[in-house]
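K.L.:
Below are the chains, spelled out letter by letter.
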Amino acid sequence: MIYLDSAATTKVLPEAAKAAVSAMTEVFANPSSLHSFGYEAEKIREKARKAVASAAGVKDEEIVFTSGGSGADNLAIFGYLKNKKGGRIITSAYEHPAVLECFKALSPQFETVYLKPEDGIITPDSLKKALTPDTLLVSIMHVNNETGALNPIKELSCVTKDFSDAVFHTDAVQGFLKENACYSYCDMASFSAHKTGAPKGIGALYVKKNVRLKPVIYGGGQEKGLFCGTENVPAAAAWTEAVKILAPTLLKRREKAELLKKKTEELLLSLGAVIITPKISSPHIVTAAFDGYLSENIVHFLEKKEIYVSTGSACSSKKASATFSAIGMEKYSASSLRISFADDTEENDIDIFASALEEAIKTLKRKQ
Amino acid sequence: MNEIILLKLGEVILKGLNRNRFESTLVKNVKRAVWPYGNPIVSDKQSTIFVEVDGPYADFDGAYEACKKIFGIVSLCRAVKCSLDFAELKQTAGDYLARQLSRAKTFKVEAKRADKSYRLTSPQIMELLGEYLLDRFPNLSVDVKSPEVTVYAEVREGYVFIHGNPERGAGGLPAGTGGHGLLMLSGGIDSPVAGYVMAKRGLKISAIHFESPPYTSDRAKDKVITLAKKLCVYAGQIDLYVVPFTEIQEQIKDNCPEEYFTVIMRRYILKIACGLAERINAGAIITGESLGQVASQTLGAIRCTDEVSSLPVFRPFIGTDKQEIINLARKIDTFETSSLPFEDCCTVFTPRHPKTNPTAESVKKAEEKLDEEKLLDGILDRTERITLYAPGRKYRNISEE
Numbered sequence: 001m002i003y004l005d006s007a008a009t010t011k012v013l014p015e016a017a018k019a020a021v022s023a024m025t026e027v028f029a030n031p032s033s034l035h036s037f038g039y040e041a042e043k044i045r046e047k048a049r050k051a052v053a054s055a056a057g058v059k060d061e062e063i064v065f066t067s068g069g070s071g072a073d074n075l076a077i078f079g080y081l082k083n084k085k086g087g088r089i090i091t092s093a094y095e096h097p098a099v100l101e102c103f104k105a106l107s108p109q110f111e112t113v114y115l116k117p118e119d120g121i122i123t124p125d126s127l128k129k130a131l132t133p134d135t136l137l138v139s140i141m142h143v144n145n146e147t148g149a150l151n152p153i154k155e156l157s158c159v160t161k162d163f164s165d166a167v168f169h170t171d172a173v174q175g176f177l178k179e180n181a182c183y184s185y186c187d188m189a190s191f192s193a194h195k196t197g198a199p200k201g202i203g204a205l206y207v208k209k210n211v212r213l214k215p216v217i218y219g220g221g222q223e224k225g226l227f228c229g230t231e232n233v234p235a236a237a238a239w240t241e242a243v244k245i246l247a248p249t250l251l252k253r254r255e256k257a258e259l260l261k262k263k264t265e266e267l268l269l270s271l272g273a274v275i276i277t278p279k280i281s282s283p284h285i286v287t288a289a290f291d292g293y294l295s296e297n298i299v300h301f302l303e304k305k306e307i308y309v310s311t312g313s314a315c316s317s318k319k320a321s322a323t324f325s326a327i328g329m330e331k332y333s334a335s336s337l338r339i340s341f342a343d344d345t346e347e348n349d350i351d352i353f354a355s356a357l358e359e360a361i362k363t364l365k366r367k368q
Numbered sequence: 369m370n371e372i373i374l375l376k377l378g379e380v381i382l383k384g385l386n387r388n389r390f391e392s393t394l395v396k397n398v399k400r401a402v403w404p405y406g407n408p409i410v411s412d413k414q415s416t417i418f419v420e421v422d423g424p425y426a427d428f429d430g431a432y433e434a435c436k437k438i439f440g441i442v443s444l445c446r447a448v449k450c451s452l453d454f455a456e457l458k459q460t461a462g463d464y465l466a467r468q469l470s471r472a473k474t475f476k477v478e479a480k481r482a483d484k485s486y487r488l489t490s491p492q493i494m495e496l497l498g499e500y501l502l503d504r505f506p507n508l509s510v511d512v513k514s515p516e517v518t519v520y521a522e523v524r525e526g527y528v529f530i531h532g533n534p535e536r537g538a539g540g541l542p543a544g545t546g547g548h549g550l551l552m553l554s555g556g557i558d559s560p561v562a563g564y565v566m567a568k569r570g571l572k573i574s575a576i577h578f579e580s581p582p583y584t585s586d587r588a589k590d591k592v593i594t595l596a597k598k599l600c601v602y603a604g605q606i607d608l609y610v611v612p613f614t615e616i617q618e619q620i621k622d623n624c625p626e627e628y629f630t631v632i633m634r635r636y637i638l639k640i641a642c643g644l645a646e647r648i649n650a651g652a653i654i655t656g657e658s659l660g661q662v663a664s665q666t667l668g669a670i671r672c673t674d675e676v677s678s679l680p681v682f683r684p685f686i687g688t689d690k691q692e693i694i695n696l697a698r699k700i701d702t703f704e705t706s707s708l709p710f711e712d713c714c715t716v717f718t719p720r721h722p723k724t725n726p727t728a729e730s731v732k733k734a735e736e737k738l739d740e741e742k743l744l745d746g747i748l749d750r751t752e753r754i755t756l757y758a759p760g761r762k763y764r765n766i767s768e769e
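The listed protein sequences derive, respectively, from chains C and S.
Position one of the first sequence corresponds to residue 1 (the numbering used here), numbered consecutively onward.
Position one of the second sequence corresponds to residue 369 (the numbering used here), numbered consecutively onward.
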């Protein structure tokens with residue numbers, strides 16, 4: 001099997017899976033229990049908090065665990081805007097639906113502004129122009145999940161602070177443990193475990209100490225009352241292991257992905273593809289379009305050979321993509337493929353993929 | 369850009385013949401503080417310490433923040449290093465300070481020449497650079513008395529440092545240059561802050577904590593460990609001694625009148641602390657007591673406890689209000705941890721009506737049934753030592769922890 005869809009999700013690392021099993025079968029206590037067995041479970045959870053905080057470059061107590069990336073985005077946006085009456089909120093036109101849908105839901109009360117990317121990127125200048133004294137929140141993603149575009153979040157965050165009193169949130173789901181970034185200069189950042197070697201069902205929101213949020217999920221007071229519900233200790237245990245393995249190797253993995261990306265882009269170009277991924281982008285994602293083909297057909301063709309890639313984003317494959325309209329590439333929306341590398345992807349896999357793709361293009365062309 | 373942190377030394381430079389010892393400790397402390405944010409390159413010249421961070425994961429912002437917490441530094445700033453070429457110098461100054469200068473109304477330029485062979489004199493540098501900046505930032509005007517931004521150009525041999533307004537450093541004396549103190553760390557709000565202010569005056573800190581399981585829990589003990597770790601950020605490595613205290617507390621409860629529980633307990637705590645201090649060569653006991661805050665911190669109670677001490681007891685907050693202590697606790701980031709609601713040894717068996725003004729005679733009478741020798745016998749040998757360090761290398765190198 002050649003899995004080139006890591007931006008959708010990844011295989012759980014064996015060490016992480018082992019840690020999860022141990023937390024499910026051995027230290028299975030409820031971390032909220034008073035007894036020492038409960039405390040053991042709490043410690044596992046706190047270890048994860050420390051690991052995630054350390055990898056994100058923030059303080060332990062600034063991490064709130066959530067149900068995943070979408071949970072974190074919802075907590076950031078609704079949690080911050082609850083009880084606020086009116087004002088401007090700014091995001092980019094190509095956010096993940098977990099942010100875009102929040103903005104849509106809030107559009108009756110707030111003035112929503114969607115920034116258009118330039119050359120695939122949200123520039124500090126365009127944000128500066130959109131900021132007003134009554135701007136409450138800015139949410140710009142770190143790495144775009146469909147094109148791999150890498151936004152300058154540090155600069156964007158600085159501009160937000162320099163020219164308004166708004167808080168700056170970033171959806172860093174595709175950037176965490178992949179980009180060498182420190183998130184402490186943002187006010188909030190969303191992370192998800194399953195994009196990098198840990199299981200689904202857990203994510204985190206970094207909330208800077210002085211940023212006050214209101215709960216989104218009410219209950220027994222877990223996670224400082226912000227995201228209640230019995231803690232998912234097994235997933236946290238697994239996440240710790242994944243972070244421990246992946247954080248120290250980040251630069252090496254990134255270098256390797258750069259090489260794979262370069263090779264992939266060359267091969268795709270030689271097959272007549274249009275590269276959608278902008279110049280400033282994450283090395284883990286290549287998006288390219290084959291004009292005249294339905295990418296859906298290519299995906300199904302490749303799956304017969306056990307090669308797995310995505311059409312655009314896995315989350316939005318059923319609708320027209322917001323990203324593609326935002327970057328002015330609507331015409332390629334239905335014909336684009338997203339290839340995203342896993343840590344164990346080898347050059348050889350790319351060769352096999354490329355020859356299968358070539359075959360697909362020939363075969364499918366004949367069918368037209 | 370080639371950024372560098374400049375740290376200006378405070379009181380240290382007044383230390384005469386001891387100055388070398390103070391400075392070398394300070395350089396060591398700087399290296400340790402910066403290390404989590406990359407490989408530190410630290411040098412020391414003319415009462416300034418120069419810090420650069422190197423390595424693939426170098427985090428300059430983090431290193432700068434860390435430097436703000438080092439005792440012995442009176443002020444600090446981030447600077448950029450550029451060549452002696454004046455055209456480049458002007459350009460660099462404008463680019464590097466663009467953010468501050470484009471938002472300010474007034475400014476001035478200060479120039480210093482350590483290298484007197486430079487072709488421009490200090491007044492010339494000030495004039496020419498000022499002219500250039502006025503031209504480039506039309507929002508600015510010159511104010512030599514109280515400018516919003518002062519642009520500094522420090523000419524050294526071979527290069528120039530450009531920087532803006534310096535920030536205040538942590539002040540005080542380098543941690544570890546003023547002897548060794550034993551901090552009574554209960555888990556409350558005051559004691560970690562007391563450790564902080566004494567470390568600021570140069571004391572090396574060790575800490576002692578009394579635990580009384582099952583009346584106190586593991587969570588309470590870990591809370592104290594967390595607090596001590598937070599203190600390590602300022603004070604450097606801390607040895608935390610955890611004393612098993614259950615038996616003594618139970619004996620006090622069984623054998624003494626209730627209103628004296630607290631004062632007797634505190635006398636025992638102090639006796640044990642003094643014993644430990646002698647063992648580890650500490651010259652003072654440090655507590656977070658504030659006069660009249662609770663029944664055991666009245667003048668009468670303090671007299672009764674101090675009576676058993678063989679060492680000076682430092683109480684930096686004796687005349688400080690709670691709110692001021694809380695403000696400091698927030699500043700050093702211990703307040704939230706201190707506020708976690710776990711029992712500690714001080715809240716176990718709290719009397720309903722503690723004696724607020726005990727006298728030495730009455731306390732002695734109240735504790736006469738206790739067999740002190742037996743209770744204290746071997747207690748230091750049963751004490752656990754935990755060595756703590758400031759949080760390790762942040763970001764990617766988690767596995768090193």
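Accuracy of the hints is not assured; some may be wrong.
Claimed, not checked - Pairs of lysine to aspartate or glutamate, DMTMM-like flavour, derived with a Cα cap of 25 Å:
| # | chain 1 | residue 1 | chain 2 | residue 2 |
| --- | --- | --- | --- | --- |
| 1 | S | K436 | C | D291 |
| 2 | S | K568 | S | D453 |
| 3 | C | K59 | S | E752 |
| 4 | C | K47 | S | E704 |
| 5 | C | K43 | S | E740 |
| 6 | S | K589 | C | E26 |
| 7 | S | K699 | C | E62 |
| 8 | C | K50 | S | E704 |
| 9 | C | K47 | S | E752 |
| 10 | C | K47 | S | D586 |
Don't read these hints as lab results, they were simulated from the structure.
Quick caveat: nothing in here was measured; it's all calculated off a predicted structure.
K.L.:
Indicate, hint by hint, whether the structure satisfies it.
P.N.:
A quick look at each hint next to the structure:
{"no.": "1", "hint": "S/K436 <-> C/D291", "verdict": "56 Å, violated"}
{"no.": "2", "hint": "S/K568 <-> S/D453", "verdict": "42 Å, violated"}
{"no.": "3", "hint": "C/K59 <-> S/E752", "verdict": "28 Å, violated"}
{"no.": "4", "hint": "C/K47 <-> S/E704", "verdict": "18 Å, holds"}
{"no.": "5", "hint": "C/K43 <-> S/E740", "verdict": "38 Å, violated"}
{"no.": "6", "hint": "S/K589 <-> C/E26", "verdict": "24 Å, holds"}
{"no.": "7", "hint": "S/K699 <-> C/E62", "verdict": "16 Å, holds"}
{"no.": "8", "hint": "C/K50 <-> S/E704", "verdict": "16 Å, holds"}
{"no.": "9", "hint": "C/K47 <-> S/E752", "verdict": "23 Å, holds"}
{"no.": "10", "hint": "C/K47 <-> S/D586", "verdict": "16 Å, holds"}
Checked against the numbered hints above, the structure breaks hints 1, 2, 3, 5 and satisfies the rest.
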